[in-house]
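Participant: What follows is each chain in one-letter form.
There are 4 protein chains.
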Amino acid sequence: MPLSTDQQSEIDQARAGAQATLRPIAAALEEVLFQALPVLDHGFVRVVDYMGDDAAVVQAARVSYGRGTKKVSEDRGLINYLMRHRHTTPFEMCEIKYHVKLPIFVARQWIRHRTANVNEYSARYSILDNEFYVPKPEHLAAQSRLNRQGRDAVLGGKEAERVFDLLKQDAERVYEHYMEMLNEGEDGQPLDPGRSGLARELARMNLSLGFYTQWYWKTNLHNLMHFLSLRADAHAQYEIRAYAEVMVDTLRRWCPICHDAFMEYRLGGAHLSKTGLAAVKLMIAGEKVDQKSSGLNPREWRELMAALGLG
Amino acid sequence: MPLSTDQQSEIDQARAGAQATLRPIAAALEEVLFQALPVLDHGFVRVVDYMGDDAAVVQAARVSYGRGTKKVSEDRGLINYLMRHRHTTPFEMCEIKYHVKLPIFVARQWIRHRTANVNEYSARYSILDNEFYVPKPEHLAAQSRLNRQGRDAVLGGKEAERVFDLLKQDAERVYEHYMEMLNEGEDGQPLDPGRSGLARELARMNLSLGFYTQWYWKTNLHNLMHFLSLRADAHAQYEIRAYAEVMVDTLRRWCPICHDAFMEYRLGGAHLSKTGLAAVKLMIAGEKVDQKSSGLNPREWRELMAALGLG
Amino acid sequence: MPLSTDQQSEIDQARAGAQATLRPIAAALEEVLFQALPVLDHGFVRVVDYMGDDAAVVQAARVSYGRGTKKVSEDRGLINYLMRHRHTTPFEMCEIKYHVKLPIFVARQWIRHRTANVNEYSARYSILDNEFYVPKPEHLAAQSRLNRQGRDAVLGGKEAERVFDLLKQDAERVYEHYMEMLNEGEDGQPLDPGRSGLARELARMNLSLGFYTQWYWKTNLHNLMHFLSLRADAHAQYEIRAYAEVMVDTLRRWCPICHDAFMEYRLGGAHLSKTGLAAVKLMIAGEKVDQKSSGLNPREWRELMAALGLG
Amino acid sequence: MPLSTDQQSEIDQARAGAQATLRPIAAALEEVLFQALPVLDHGFVRVVDYMGDDAAVVQAARVSYGRGTKKVSEDRGLINYLMRHRHTTPFEMCEIKYHVKLPIFVARQWIRHRTANVNEYSARYSILDNEFYVPKPEHLAAQSRLNRQGRDAVLGGKEAERVFDLLKQDAERVYEHYMEMLNEGEDGQPLDPGRSGLARELARMNLSLGFYTQWYWKTNLHNLMHFLSLRADAHAQYEIRAYAEVMVDTLRRWCPICHDAFMEYRLGGAHLSKTGLAAVKLMIAGEKVDQKSSGLNPREWRELMAALGLG
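Residue numbers (our numbering), protein chains in the order written: chain V, -16 to 294; chain U, -16 to 294; chain C, -16 to 294; chain L, -16 to 294.
Calculated directly from the structure, the hints in this document are not laboratory data. Take the hints with a grain of salt, since some may be wrong.
Remember, identical chains collapse to one label, so a pair may be satisfied in a single copy or spanning two.
Straight-line distance between alpha carbons at most 27 Å, and here's what the computed DSS-like set of lysine-lysine pairs gives [unchecked claim]:
{"#": "1", "residue 1": "Lys119", "residue 2": "Lys141"}
{"#": "2", "residue 1": "Lys54", "residue 2": "Lys275"}
{"#": "3", "residue 1": "Lys151", "residue 2": "Lys119"}
{"#": "4", "residue 1": "Lys257", "residue 2": "Lys54"}
Modelling step: build the complete structure from the supplied sequences, incorporating the hints.
Facilitator: This is the structure in structure tokens:
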């Protein structure tokens, strides 16, 4: 489990202190507020704050003075309409803040989403913990031969064993040398009082991309859904998808109506190209269409067939 | 006062419903939450939601697990340090949402700050109210002769009277014609059942820039302070400054330590150029410096003298 | 035509001075560079600078050292792939800068796209020209009864005449009073040497939203296509669509392969929801589906039928 | 030197092909266009494209139709004014694109500047080269005891030797194991035809933060100067500062007037707090001020003394 006793007690303390507010609250999200939801072997996602709820989206779309007395069903209709017609600004009126612990190589993918606010733990200023990611055997996949950016079947037997050994041994060794260069013992005392220790901002470069870092990450509901639509997608690397899936669940607790609209119109739907749409029209008219006659290239054709469940 | 009875009752209702939350709260801001703080003749600023407080800035800077047990004085020291050294990301971890009613020409200046989320009342979809801005006599300033972007003394006597007459008469006339083109009576019934009425998205172009619009505007604490540093500044047009000043007060209620740091390091300070700094060094050494010997041009010299209170 | 002799001569002069560069050039775009492409009655779009071309998108996607020796057909394949799979960052590597003259109400819609750089002509600093938009008779549409955000049939006869009269008379009057308040004659001399003239930043509020403003507007290729996908769409207000359509043509001249991919995968395609996709699968399987059995609401069903050409 | 023969020949080829353009050009920047300007032991900065020049800033500020016939001295005056008064939007009208090769830990600092466009070489898709950063002896600094985020004197003798050994040995070993896990030989053939090889997206996590990556990075002139003001500053880590300094030189070649204004008003100046400004006023008036009487805390007092050259 990723938390020390001190950390867990800080979280428990924060969860103990309810106060009164006039702001809208999301009860189901309050239930898990501050709690570390585990991801991968040492990581977590914690919601540490939020602003707004489903009704706040509706309020912003209407530029209204109060919460209104509208029915939930009307809110749902409006939210579905906004989502379908890409009226994105009302979704920007809700905000959520996460504390995330994640391997550095995942952080490097994640940070490419620029429309968020980030404070990362500084390895220039502090010393990183000795925690690194090792995939579970079922995620130790071979390089795909078809898709240069994908995975194939899981490695097995001796090859898997060898990979586990290399990952662990190298991580342990680079961490040991990191501490030696810093001249830091595990007890916080210098290993050798006669040495100065290398600057932290330099020593960190000996650590590998599997080590865990952590950050505060804050974004609005629209950008969160955009992030999730890309990172909870089957094309995303498994390790970042593991985070995205936990976050989809926090979305459901926070804004359940927006969550449903997101599943219906974004994650669950399909985008057809002009040529793909023409092919679908022919198919509905009962005509026979194959890749050649469709005008799509083989890869696009395969993608269309997959979307239509005709693969 | 800018609110109808319905609007005020919606606000009262929202203020009636306190609920429990585990999130940090800003008690002084809760006191005015949802309330319409008046600005200009028909405008207002209302805080409709917020996320975070002073401690949340500190928490993000430390990437910490809980609220911590640090003293307020330590928080203040860290916040001052962050502000002084332009470590802006922790300030991005707090967010505030306003409902603002403002003249369209003010909205056009305001919207130039892009790092915010906005939902504006749609004159494509709805009908604008018959409310337009007329300056108070003490703000009816003449064009500055020195500064093409500034104001001079206040207009008086007949010239002022004439301006008031023109502003009011034109606004009343364009609104009347707006309603006529829409074929809308004040009772919501068509003026003439035999006419269709011009599309709202077209009719609106007859309204002038002094009419009021309204929007939800949400931004983070860092961007709010940047906005305020430009718009609460003496160089800003009076009408937008009137909004900024009310917002500075909401900042004080929300995050009092950040507010103080903002007044000390941003609004209250001065930026010296390389040449200006060299001149100041000479002055401190007791040497006589004038515009020529300073190397500054006349305008920069005047600005420096003003900053040093030597004007 | 929107240009004065001086303005046209400035443009002609700029078009006269070709120079050598090592940067990629877009020959078809150079042909119209700086030229004012007319839009509406007094507006225009001018491309004033650009950076990159189709190959620059490919180069960025490959992080390559040179222009490469790849064939155009490979570039097209890669660009189509990037567009289809929402790999948007390579499209951000090209940039274009426009000078646009447009009615203020159009500018207010346009500015909602925040991911662009803007410098607008300042009515705080300068005096606006006496030019305002009057729709052509074929665009003088009635308010739609079905869609609060849409237009219906064109107004005719006396109603149209009356609207034209009101629009013109009001615009002429507010401009005349604007100049009177400024105390500015058409010759640049004060109307009355004994008066001060109202500050420009105040007088401007008497102008209506149909007056023309102008700005420099710069954005990258990805954001341009996003803008065009929303503003060249049939749901956009006609007046902004008129600008978007001219800009689609500049896109074609600038990056023809990206333009084709944009037409194929964005403008020409359709997005199906999860439920909509399920209905399409049934239709392809030859089953009879109607609105009720589809699970879509009536409005969504109409939208799906329209997308499939079955309306 | 960081380039292979193929890479250098791609660059040479790109530099061979001048073409005619109507766009503004920056002659001094064209001289080094595409060339790899070396940074650190294996890194470089290459300008691969640009848009605009000093005059383009002026043009945007004036929203003008042509290049104008203004004198350079007037352009300089206006640019200085814009810089001094934080009128930042005209600087956003110029754009520059770099190709940068840099250690991953530097990339992780750099990417925190979000207002830029980035395409990074994908270690998910491709195999990283065997190149890692080793500091020169004069940059192998000890951890500062005063400033947790700073460096102290250079390590010497045996301690330095040991650090070099560890950095090199660990980097060589993790790279060797990276290739072994990938089952990749240096010749591009599998090391062992009987094995599958681990997916690239997983194997990369064995590499350490000292390895080089590369990206295309594009930003506008305003954001570039903001980046440089933070990263060419003495508080920045040496390794990123080394990049920033080379980029300051490209700024000088590109927009020399803006460069000078940047040095005068940003890099070369000083910001005084309200209390610091009050102390300076007293000093100029000939009064004796010390830390206590100034009202500044000791650290702020030291910073003020340093800015005034009175340290």
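Participant: Are the hints correct? Go through all of them and say.
Facilitator: Verification of the supplied hints:
In this homomeric assembly, Lys119 and Lys141 come within 27 Å of each other (Cα to Cα) only inside a single copy, at 15 Å, whereas the closest approach across copies is 41 Å. Taking the shortest alpha-carbon separations for Lys54 and Lys275, only the inter-copy value of 23 Å comes in at or below 27 Å, while the best intra-copy value is 51 Å. In this assembly of identical chains, the alpha carbons of Lys151 and Lys119 lie at most 27 Å apart only when taken from the same copy (13 Å versus 30 Å across copies). With identical chains, the CA atoms of Lys257 and Lys54 are at most 27 Å apart between copies only, with a shortest distance of 25 Å across copies and 38 Å within one.
Hint compliance for this structure: no hint is broken.
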